[in-house]
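Novice: This is what each chain is made of:
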Amino acid sequence: MRKYLNIITAYSIMMILIILVGIFQSWSIALSILNYCLISAVMTMGANIQWGYAGLINFGIMGYTALGGLAVVLVSVAPVPEAWSAGGFNMITSLILILGIVLIVNYILKKYKNLKYKNYLIALVIVFGIILIRVVASPGIEAIEAVNPAKTGFLGGLGMPILFSWIVGGLFAAGLAFLVGKIALGLRADYLAIATLLIAEIVVSIIKHEDWLARGVKNVIGLKRPVPYEINLQTSPWFINLVEKLNQGKLNLISSVSEKKDILNQLVIDASSVYVKLCMTGLFLTVVIILLILTQKALYSPWGRKMRAIRDNEEAAGAMGKNVVKEHLLIFILGSAIVGLAGAMMVTNDGLFTPGSYRPMRYTFVIWVMVIVGGTGNNFGAILGGFAVWFLWVEAGPIALFLINFFTAHLDEANALKVHLIESAPYFRFLMIGVGLLVIMRYRPKGLIPEKINTKKI
Amino acid sequence: MSFFEGNKMTAGYGNGPDIINSCTIKVDRGEIVAILGPNGAGKSTAMKAMLGLLNLKSGSVVIDGQEISKLSPQDRVKKGISFVPQTKNVFAELTVRENLEVGAFLREDDVNKVIEEIYNLFPILKEKSSQVVGQLSGGQRQQVALGRALMIKPSILMLDEPTAGVSPIVMDELFQHIIKVKETNVGIIMVEQNAKQALSISNRGYVLVTGENKFEGSGDELLNDPEVRRSFLGG
Amino acid sequence: MELLNALILLLNYTIVPAITYGSQLALGAIFVTLIYGVLRFANFATGDMMSFGTMFAVLLTYYFQSIGIGLGILPTALLTIPFAIIAMILYMLFIDNFVFKYYRVKKSAPVQLAMVSVGVMFVTQAIIRIIIGPFDRRFLDGEKFILKASEFKEMTGLNEGLTIKSTQAITVVVTIILVSILFWFLNKTKTGTSMRAYSDNEDLALLSGIDPKRVVMITWIIAGFLATVGGVLYGLDKSYKPFVYFNNMLPIFAAAIVGGIGNPFGAFLGGYVIAFAEIFVTYAYKKFFTYLLPESLEPDSLVQLLSTDYKFAVSFSILVIVLLFRPSGIFEGKKI
Ligand SMILES: Nc1ncnc2c1ncn2[C@@H]1O[C@H](COP(=O)(O)OP(=O)(O)O)[C@@H](O)[C@H]1O
Ligand SMILES: [Mg+2]
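Residue numbers (the numbering used here), protein chains in the order written: chain A, 445 to 902; chain B, 5 to 239; chain C, -13 to 322.
Bound conformation, chain A alone (with noise of 0.2 Å):
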């Protein structure tokens, strides 16, 4: 049990903290804080499978959240036919010629492996096809994008239910991660981060710019919901008569009827966004719940101490006859998999899709902060480090503002320095986040909750 305790501690002070926000903000903000904590401790969870795990460090998991993101826009909306009809054969061309050249260029490395100029053929073949699918891809992306293009002006998606998409973000990452991971993996490990960083980048610059894929920069919004409507909540009778059933202590105090009715409106209004909020609550948990149990059973069967073996010495474990790539490789996908499902889960979370949002700060380094600061190796940690850091990103303005009218309440409400410093409060989040870092690796460097398996035994 004791081993457990600081677990259990350091969730409970996480929970309290999320309950002080809903009575002193609002329970609104409390649970888009939890809901967002749930979705970051996912993503934490991917990143921790590649590094906690394997020692992999991925400096792309902006790219995999985006993957995720598109995949919900290309499950959920419904198709454009007239955009179909536009310029679809054009795309659908275009789609078979990558897959020609894909396929010519895996030929190519079979069949010639020892041919001399190898490399520049497939170049050749590499810059040739781009040209032929430009020129089979410009009209049709021209006639899409020009099919109402405030409204539309892209192919749209399959029109499936939003949460099928999850599972497809999944997918969509992890065959990225195949491509990176067969191209990457080899890298010694500043190269790989580099390296996942740049390719993060041209893969968010593809969504963000082909916008007859997912609008672009122009986002998708209104995305279909797994959970109900605020709006159709508030004119459900069984949704009123229970909100009028929790209050009714409060709405019992009012005598007047009409001044009843309204603050009970009111009161089903608050509750139904509060409602809306508790049933992703729900599924976001199911997710956690579902990949923890995953990830723990992996950690401790005989597979997770074999890779724990091959992080703690690469050497040793590959003379032992392991296949280090392979395993890597697998590992690197289920990783971006799951990065991949927390982007899905965050775009359903949000209604929207904004490509243009995608930072490596917000979606790769402060991911990275979470793992760190929540102990490496550790699913437990790496919830709690989702948690701790989406808190403190949250309410780090708050609590500057608050600290800044602090230390400067002596001054003048127009002194040049106060004024400067509260409007800088915004960026005091990525200060605490910072120093937060340093101060954990340097005197905590297994994060909050340190990986308790003793490699070494094994």
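Please keep in mind that the hints were generated in silico from the structure rather than gathered at the bench.
All values derive from a computational prediction rather than experimental measurement.
Be aware that a few hints might be false.
To be verified - Each computed DSS-like pair below joins lysine-lysine, with the alpha-carbon atoms no more than 25 Å apart: (1) B:92 / C:93; (2) B:92 / C:92; (3) A:554 / A:770; (4) B:83 / C:176; (5) B:74 / C:93; (6) C:224 / A:652; (7) B:117 / C:224; (8) B:157 / C:174; (9) B:130 / C:176; (10) C:174 / B:130; (11) A:862 / C:227; (12) C:199 / B:92; (13) C:297 / A:662; (14) C:176 / B:117; (15) B:82 / C:176; (16) C:174 / A:652; (17) A:890 / C:92; (18) C:176 / B:92; (19) C:92 / B:61; (20) A:662 / A:652; (21) B:132 / C:176; (22) A:890 / C:93; (23) B:186 / B:200; (24) A:662 / C:227; (25) B:157 / C:176; (26) C:92 / B:74; (27) B:157 / B:186; (28) C:227 / A:652; (29) C:199 / B:83; (30) B:61 / C:93.
Go by the hints and put chains B and C with the ligands onto chain A.
Specialist: Leaving out everything else, chains B and C with the ligands in the frame of chain A:
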């Protein structure tokens, strides 16, 4: 009392076990001393202990009557002890001349004169002076390593397997160079795998086994000792 | 005549901008490569450190302008560079002493240090935004052009104009001076040689009496020069916006790796490789071909390999290709 001695040294890496145990090695100026022994016996470790790369648990290191056990490796280098490690003993990305210049980093006086002396000792280095060391052959690299170590005009030179990985012809050449260095009144301690050849140019030799002195004596004595022959010289 | 027009067109829209941008990248790439070579970690705070130095130049420029100090036709910012460099170096040494040193002494893995530099990146970004805010700022004053398109057309009678902005000339001149001094220092001085020796073989350098503390300090001092000058030149030429500086880290990394990380001369060339690739691949050659080809063959598309949206993507793709086929970089040469 010899010029440079490690007396009854006991030491290990970090908090690990003792690798050398009450091990003693002595050398005088103008003398070659060979350290022999099986792999993992602690020969390199003994040298590192004498240079101060690891701390002694007991015992002492003395040069010219002066106790230096507490000095840092850099300060011991300043006392005239030069060391050529077994691996990574040159700056592979620097030119031959730059290697020598870095070797003389601690010298205040005119480096050019010393470099000329080294060129006289190792003529090939003059020829290759502006080549990057990483492109040289194994034997040439070892000469660069020797040259670099000699730049501080040391009174003691410690060589860890100077002939590892070179052909027998190059090995003979390197041994000739080492003799030449000895003749400039430098005391040389040398760890060698090629025991017979090493002993044939050494004044004395030590045989270390599991970190302890097992045999010692003049080159001939050890060469003719039947037990040493059987265990270490292959009959 | 048509040929000349075509060449001037290319010069004006690709070569001159590419040389300028390449110089700015090159300075950053040498900075990355020096830190990697001597201190042995990938510094993810690169872009933000450059931003930090530039911030001082911007603030001082505003201050100098307000008290009426200037350089006439040259930008006031040039006057502020020395002060900005000093501030930058002090900041770097401060960070090194309180953050990086601990891990260096402990001989932590490079990955650990890279992760620590992420922390430094966050902190630096925060300090910059708290001091100067996230906004886009211009701080260029003095004469804007050395050669205006209209003047050039008048002079030569060509259709195409050639514009040379003063910032472009300043960038190239300052880069050449700074880089020449740097390579002279690294290759010809005792201290420079000792730095290269330390980077090549740390243990042997220590045995040769090289003082690691000094090497580390000098490395940061040089880094301070490179970061500040590179940052200010970029800011003068385009504008100063903290987020853009963070982003610039990415092509800078690409340049350093393409040049062979740890190899300053490679990094220098790498900057230009990346810049030229970015600009050549995303330039629309339509007009160029219109000059060269007979009317019947004139292209009606833009003749652009990739849209300019993919500028960054180009350099990153080059990097990926280099990592795949020549992880040690495409240039042979001495490493730092
Ligand atoms: N840096 C080190 N850290 C820990 N143990 C070491 C280190 N170097 C050598 N050893 C151990 O010390 C023992 C003796 O090594 P060494 O002195 O290199 O032997 P020799 O040179 O005689 O072959 C070996 O068991 C080796 O594993
Ligand atoms: Mg040895």
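Novice: Measure nothing beyond the straight line between the CA atoms of residue 662 of chain A and residue 227 of chain C; if it is 25 Å or shorter, mark the hint as holding.
Specialist: Within the cut-off at roughly 23 Å; holds.
Novice: Holds or violated: residue 227 of chain C and residue 652 of chain A, Cα atoms, limit 25 Å.
Specialist: holds (21 Å)
Novice: When you check the alpha-carbon spacing of residue 199 of chain C and residue 92 of chain B, does it fall within 25 Å?
Specialist: holds (22 Å)
Novice: Hinted pair, alpha-carbon criterion (25 Å max): residue 224 of chain C, residue 652 of chain A. Please report holds or violated.
Specialist: holds (23 Å)
Novice: Can the restraint linking residue 132 of chain B and residue 176 of chain C be considered satisfied, given a maximum Cα separation of 25 Å?
Specialist: holds (20 Å)
Novice: For residue 117 of chain B and residue 224 of chain C, compute the direct alpha-carbon distance and say whether it is at most 25 Å.
Specialist: Outside the cut-off at roughly 53 Å; violated.
Novice: Please verify whether residue 186 of chain B and residue 200 of chain B have alpha carbons no more than 25 Å apart.
Specialist: holds (19 Å)
Novice: Measure nothing beyond the straight line between the CA atoms of residue 92 of chain C and residue 74 of chain B; if it is 25 Å or shorter, mark the hint as holding.
Specialist: holds (22 Å)
Novice: Check whether the Cα positions of residue 92 of chain C and residue 61 of chain B lie no farther apart than 25 Å.
Specialist: holds (22 Å)
Novice: Would you mind confirming whether the straight-line C-alpha gap from residue 890 of chain A to residue 93 of chain C stays at or under 25 Å?
Specialist: holds (17 Å)
Novice: If you draw a straight line from the CA of residue 157 of chain B to the CA of residue 174 of chain C, is it 25 Å or shorter?
Specialist: This hinted pair holds, its Cα atoms lying about 24 Å apart.
Novice: Straight-line Cα separation of residue 61 of chain B and residue 93 of chain C no greater than 25 Å?
Specialist: Within the cut-off at roughly 24 Å; holds.
Against the hints set out earlier in the document, violations occur for numbers 7, 16.
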